[in-house]
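Q: Put together the whole structure using the sequences plus the hints.
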Amino acid sequence: GIQVEQSPPDLILQEGANSTLRCNFSDSVNNLQWFHQNPWGQLINLFYIPSGTKQNGRLSATTVATERYSLLYISSSQTTDSGVYFCAVDDYNDYKLSFGAGTTVTVRA
Amino acid sequence: ETGVTQSPTHLIKTRGQQVTLRCSSQSGHNTVSWYQQALGQGPQFIFQYYREEENGRGNFPPRFSGLQFPNYSSELNVNALELDDSALYLCASSLGTSVGYEQYFGPGTRLTVT
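Respectively, the protein sequence lines represent chains A and B.
Following the numbering used here, the numbering of the first sequence begins with 1 at its first residue and continues without gaps.
Following the numbering used here, the numbering of the second sequence begins with 1 at its first residue and continues without gaps.
Do not take every clue at face value.
Ranges between beta-carbon positions, derived for each pair [said to hold, decoys possible]:
1) T114(B) <-> S51(A): 40 to 50 angstroms
2) I12(B) <-> S26(A): 37 to 47 angstroms
3) R51(B) <-> A17(A): 46 to 56 angstroms
4) L67(B) <-> G1(A): 22 to 32 angstroms
5) E67(A) <-> G16(B): 45 to 55 angstroms
Source of the hints: derived by calculation from the structure; they are not laboratory data.
Here the structure is a predicted model, which means the values were calculated and not measured.
Don't be surprised by glycine CBs; every beta carbon is placed ideally from N, CA and C.
A: Shown next, in the form of structure tokens:
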């Protein structure tokens, strides 16, 4: 099956700082989603981005499908951005989402 | 528009017992997928249901089974519970079963097996 690697595994930021999270995947994909998992466990949809660039407020994402990676940018981080960020993909042969191990982001006031 | 809902939120069971978890899909969505998330890991795909039939299965034993109802809601059943079944169980719904549809997740059910 498709492999998904996220980096870095952990990120500690001062409030107001910018950061970049990376997701590498091992095969062509139909779907790539970024999620933020809140402290209660719910996965919040951030972006559906199999290719191209999208922005939503302080967050933006870019997927370069030909090079099999995606980047999530957090600008002017806030304490509410803390949590685990997951990248998930599905490939051309499967319906399931395969998740990376996540990046744990801690934003300090 | 109603989001994905799951019940119960928390559950404690004893090893060897059986458990049923429930999921209501987002309005207009006909496909439901179930995932298991162990502590400190990413979610793992269990299976997907479409038109009341299983439409793909991950690497989980047969004691994990499911149902989908005509209103697209779904149940996950786990028999003969083991300690390793302790996890967060997430349900996701989507507009269709083909690859490429965005999936939306419910709040999860946290299962503890003692």
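Q: Could you run down the list of hints and mark each one as holding or not?
A: Tested hints:
1. T114(B) <-> S51(A): 40 to 50 angstroms: holds (46 angstroms)
2. I12(B) <-> S26(A): 37 to 47 angstroms: About 38 angstroms separates the Cβ atoms of I12(B) and S26(A), which means 37 to 47 angstroms holds.
3. R51(B) <-> A17(A): 46 to 56 angstroms: holds (48 angstroms)
4. L67(B) <-> G1(A): 22 to 32 angstroms: holds (26 angstroms)
5. E67(A) <-> G16(B): 45 to 55 angstroms: holds (49 angstroms)
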